Structures are given as C-alpha cells and as structure tokens.
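Please model the entire structure based on the sequences and the hints provided.
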Amino acid sequence: NAGVTQTPKFRILKIGQSMTLQCAQDMNHNYMYWYRQDPGMGLKLIYYSVGAGITDKGEVPNGYNVSRSTTEDFPLRLELAAPSQTSVYFCASSYSPGTSGGADTQYFGPGTRLTVL
Amino acid sequence: AQSVTQPDIHITVSEGASLELRCNYSYGATPYLFWYVQSPGQGLQLLLKYFSGDTLVQGIKGFEAEFKRSQSSFNLRKPSVHWSDAAEYFCAVGTDSWGKFQFGAGTQVVVTP
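Protein chains in written order, with our numbering: chain A, 1 to 117; chain B, 1 to 113.
It is possible that part of the hints are untrue.
As the list claims (entries may be wrong) - Calculated cross-link-like contacts (lysine to any residue; reagent style SDA-like; alpha-carbon spacing at most 25 angstroms): (1) A:57 with B:28; (2) B:68 with B:40; (3) A:57 with B:56; (4) B:61 with B:85.
Unchecked claim - So, partial list: chain A residues that the calculated Cβ filter (under 7 angstroms) puts toward chain B: (5) 27; (6) 31; (7) 40; (8) 42; (9) 43; (10) 94; (11) 104; (12) 105; (13) 108; (14) 109; (15) 110; (16) 111.
I should point out that these hints are in silico values taken from the structure, not numbers from a laboratory. As the structure is a prediction and not an experimental result, all values here were calculated from the model. The beta carbon of each residue, even a glycine, is placed where N, CA and C say it ideally should be.
Laid out in structure tokens, this is it:
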C-alpha cells in the first residue's frame with residue numbers, strides 16, 4: 001500500500017493564480033482531511049469529508065474548496081492564491097470513527113509546501 | 001471549546017537522557033488522545049493513542065504516555081532518547097464522531113551529543 005500520497009511536493013504560485021493540491025489514499029478510508037501547518041501553530045483543519053460526495057468546512061476554510069467524487073481522492077482547490085496561503089498542506093485519512101463513535105487514527109501524507117509570491 | 005496545550009515550544013535534551021513532553025487538553029467528554037511525531041520535511045507519524053482502558057499506553061520507538069483524567073493531561077515519555085528522536089511532536093485530541101482532531105502547537109525536540 002502506498003498509503004496517503006500528495007502531489008506536488010513543492011509549488012510556487014503568483015498572487016491570484018489557482019491550483020489544485022492532489023491527495024489520494026489506497027486504504028479504502030471513508031474519512032479524509034486537509035490541514036495547513038504554519039510555524040508555531042500546529043495543524044489547522046481546512047476541510048474534511050466523511051465519504052464520496054460529502055464534505056464540510058473545518059476551522060480555516062476561507063480561500064479553499066474541495067470535492068470528493070471517489071473514496072480514494074480528495075483534491076483541495078485554491079482559486080485566487082494569496083500570500084496568507086503560504087503554508088505546508090497535509091492530507092490525512094482515517095477508516096471511521098473509533099469503535100465507541102469517537103475519532104480514529106489519522107494517516108498523513110508527506111505534505112505539499114506551497115509558497116505564494 | 002476544546003483546546004490542546006503543549007506548554008513547551010522547544011526542549012533540548014542530551015542523548016541518553018530521559019524525555020517528557022507535556023500535553024493538556026480541555027474537552028467535555030472522554031477524549032481520544034494521540035501523539036504524533038514529525039521529522040523534518042516529513043508527514044506526521046502516529047506514536048501512540050489512548051481511547052480507553054489502561055491509562056499507561058505504549059507506543060512505537062520506545063515511547064509511552066500516561067492519561068491522567070484528574071489533570072487533563074496526556075504526557076509523553078521516553079526513558080533514554082536517541083539522536084534520531086530529534087523531531088517535532090504533536091499532541092492531538094479527537095473531538096467528535098466525524099473524526100476531527102484538535103492539534104497542539106507542537107514541541108520541537110533537539111537532541112545534543
């Protein structure tokens with residue numbers, strides 16, 4: 001199993017450009033998540049999905065969009081890049097809530113480092 | 001509101017010495033607790049997790065953590081650190097049935113010879 005894969009690894013964008021960060025998992029996980037990581041801030045949840053066709057906003061969704069047409073893929077779209085979106089982006093997946101209905105282990109991809117100039 | 005606090009931003013420890021990283025959480029229900037490690041330029045790797053049962057949990061790479069409900073803490077420990085333990089460590093709380101996490105800000109661990 002490849003686990004969670006992300007492409008690209010690095011990208012530089014100009015202000016106002018658009019791009020899609022790709023995320024795929026081969027573990028048949030229902031739940032997928034997008035985070036951004038900024039120095040000293042930990043990870044902040046951007047969007048999440050509990051299955052194909054079902055997505056919802058996390059803590060910091062502004063400036064981003066997602067879609068989930070298949071179980072495997074969960075792309076993150078930046079429509080009009082801004083310097084504030086310079087960050088490292090992580091995709092994660094988990095099988096389901098824990099046996100008692102709570103959270104379960106999330107498996108992370110290697111990240112995409114994005115710079116907006 | 002739920003929150004996770006890692007009071008130590010940066011810890012320096014000598015190789016072979018013991019290590020303890022602190023994590024405090026604020027959460028109304030029984031928490032689902034996790035510790036992850038992130039090596040430079042890498043994604044996050046799960047070290048250990050606590051859902052219920054024995055409050056002392058063992059993880060990979062010789063790490064353990066103890067859940068103390070009375071102190072709302074889930075501190076991570078290792079008896080003897082290795083140079084390869086230099087990394088950033090994140091505590092996380094699972095906050096709802098949708099599997100969402102609240103992460104702490106992280107603790108950077110530096111290991112000196």
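To see whether the hints hold, each was checked on the structure:
no.	hint	result
1	A:57 with B:28	holds (22 angstroms)
2	B:68 with B:40	violated (30 angstroms)
3	A:57 with B:56	violated (34 angstroms)
4	B:61 with B:85	holds (9 angstroms)
5	27	violated (14 angstroms)
6	31	holds (5 angstroms)
7	40	holds (6 angstroms)
8	42	holds (4 angstroms)
9	43	holds (4 angstroms)
10	94	holds (5 angstroms)
11	104	holds (6 angstroms)
12	105	holds (6 angstroms)
13	108	holds (4 angstroms)
14	109	holds (6 angstroms)
15	110	holds (5 angstroms)
16	111	holds (6 angstroms)
Taken one by one, the earlier hints fail for this structure at numbers 2, 3 and 5, listed in ascending order.
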